[in-house]
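According to UniProt numbering, the sequence shown holds residues 1 to 308 in order.
One thing to keep in mind: the hints can contain errors.
Claimed, not checked - Once the Cα atoms are required to be at most 20 Å apart in a straight line, the calculated EDC-like pairs of lysine to aspartate or glutamate come out as: (1) LYS244 <-> GLU145; (2) LYS83 <-> ASP6; (3) LYS144 <-> ASP155; (4) LYS73 <-> ASP101; (5) LYS232 <-> GLU145; (6) LYS144 <-> GLU246; (7) LYS151 <-> GLU241; (8) LYS232 <-> GLU243; (9) LYS232 <-> GLU152; (10) LYS71 <-> GLU42; (11) LYS44 <-> GLU32; (12) LYS242 <-> ASP141; (13) LYS44 <-> ASP91; (14) LYS71 <-> GLU142; (15) LYS44 <-> ASP82; (16) LYS163 <-> ASP153; (17) LYS73 <-> GLU42; (18) LYS244 <-> ASP141; (19) LYS244 <-> GLU233; (20) LYS73 <-> ASP91; (21) LYS232 <-> ASP155; (22) LYS73 <-> ASP23; (23) LYS244 <-> GLU142; (24) LYS151 <-> ASP141; (25) LYS71 <-> ASP101; (26) LYS144 <-> GLU243; (27) LYS83 <-> ASP100; (28) LYS73 <-> ASP100; (29) LYS71 <-> ASP82; (30) LYS83 <-> GLU11; (31) LYS162 <-> GLU152; (32) LYS144 <-> GLU233.
What the hints assert, rightly or not - Estimated spans, in silico, between C-beta atoms of each pair: (33) VAL247 <-> MET40: 25 to 35 Å; (34) TRP98 <-> TYR272: 53 to 63 Å; (35) LEU238 <-> ARG88: 52 to 62 Å; (36) VAL75 <-> LEU238: 35 to 45 Å; (37) ALA147 <-> GLN17: 45 to 55 Å; (38) TRP98 <-> ALA225: 53 to 63 Å; (39) ARG88 <-> MET40: 13 to 23 Å; (40) GLU115 <-> LYS151: 54 to 64 Å.
Hints in this document: simulated from the structure, not taken from any laboratory.
Just so it is clear, CB atoms sit at the ideal spot from N, CA and C, and this is done for glycine as well.
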Amino acid sequence: MGCMTDLDTTEVIMNNQVVASEDSDHPNVHLEIVQQQGAMVELKLIVPEELQDVQFVVDILYPEEDVVVVKAKLVHGQCDHDKRVAARSGDTVTLQFWSDDQCVSVVAGWATGHEAVRLTPVLQVCPQAGEQQQEQQIIKDELKEQAAAYKEDLDRVVANDKKEHPHDDKDHDFSKSDHRREDHHHHHHHHHRDHAKDDDGDKDARQVQEEKNSRERPEDKSDKARARQRIKERQRALMQEKEKLEVQQHKNDDKSRPIEQGIDLDTTWFLYGLAILLVGHLLVVQGCRVVAAGGDYSSLNGKGRRTH
1 MGCMTDLDTT EVIMNNQVVA SEDSDHPNVH LEIVQQQGAM VELKLIVPEE LQDVQFVVDI
61 LYPEEDVVVV KAKLVHGQCD HDKRVAARSG DTVTLQFWSD DQCVSVVAGW ATGHEAVRLT
121 PVLQVCPQAG EQQQEQQIIK DELKEQAAAY KEDLDRVVAN DKKEHPHDDK DHDFSKSDHR
181 REDHHHHHHH HHRDHAKDDD GDKDARQVQE EKNSRERPED KSDKARARQR IKERQRALMQ
241 EKEKLEVQQH KNDDKSRPIE QGIDLDTTWF LYGLAILLVG HLLVVQGCRV VAAGGDYSSL
301 NGKGRRTH
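Using the sequences plus the hints, can you model the full thing?
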């Protein structure tokens with residue numbers, strides 16, 4: 001079975017139209033990953049026991065575009081710049097990625113003789129990330145989860161505040177009623193004093209309502225405090241995880257910093273030691289002078305004593 005023709009149902013191979021996988025008489029024939037290490041992936045065609053001497057071609061599928069970005073190759077591929085490779089039943093083919101962040105789709109066409117070529121289901125293969133990339137991805141996923149939980153807690157606190165303090169909406173209603181009173185006052189000037197009293201009464205009622213709303217039950221305050229504490233803890237966790245991720249991403253830059261810090265630390269301790277030695281030396285000299293002066297004074301006192 002050659003590999004010069006595209007594996008497509010519009011093509012004719014060995015005088016027969018290529019058969020789609022869903023129309024195949026053996027739909028269980030498929031490609032499978034048998035081993036993967038980094039950018040190297042080994043693929044094998046899985047066939048039932050009743051099929052003997054199966055020949056197949058593996059093809060990397062690319063979109064029909066004017067400029068195609070080559071993401072991978074089939075090692076020892078014979079056709080179309082390593083885009084296809086031919087093999088027989090029991091063989092494995094190796095797919096090699098050029099980058100570690102792009103996946104490819106592969107398909108196989110197979111036949112047992114001079115007959116119609118049947119296609120397998122399309123298999124998407126992705127490169128295996130390294131340990132550091134996996135750790136970074138885990139950290140990113142955790143950050144997303146913690147950020148979502150933080151947002152939920154924040155929304156819950158805001159919703160509770162709105163329920164417990166509905167006076168903001170009432171203030172809006174009061175302002176509307178004030179406008180209506182002003183219009184009424186404009187048309188009925190002779191009731192000015194009565195409306196002034198009503199306005200004072202409304203202001204007093206509003207103040208009482210605001211004071212009432214501002215007083216919260218102790219359990220409500222404790223619930224809010226606990227919610228805010230959880231939010232702060234999540235913020236701290238987010239910052240710690242972010243710092244951990246930045247340290248991993250800038251590992252090479254950080255290696256030179258401890259050396260410079262060590263040099264500065266050694267210099268500081270050397271200066272401290274030198275200062276201590278100088279102070280000790282001065283103390284010894286001063287002590288010698290004091291001892292010498294004390295000896296002379298004693299000798300003078302001895303000479304000054306006389307016995308009769």
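Enumerated hints in conflict with the structure, sorted upward:
Those not satisfied are hints 14 and 22.
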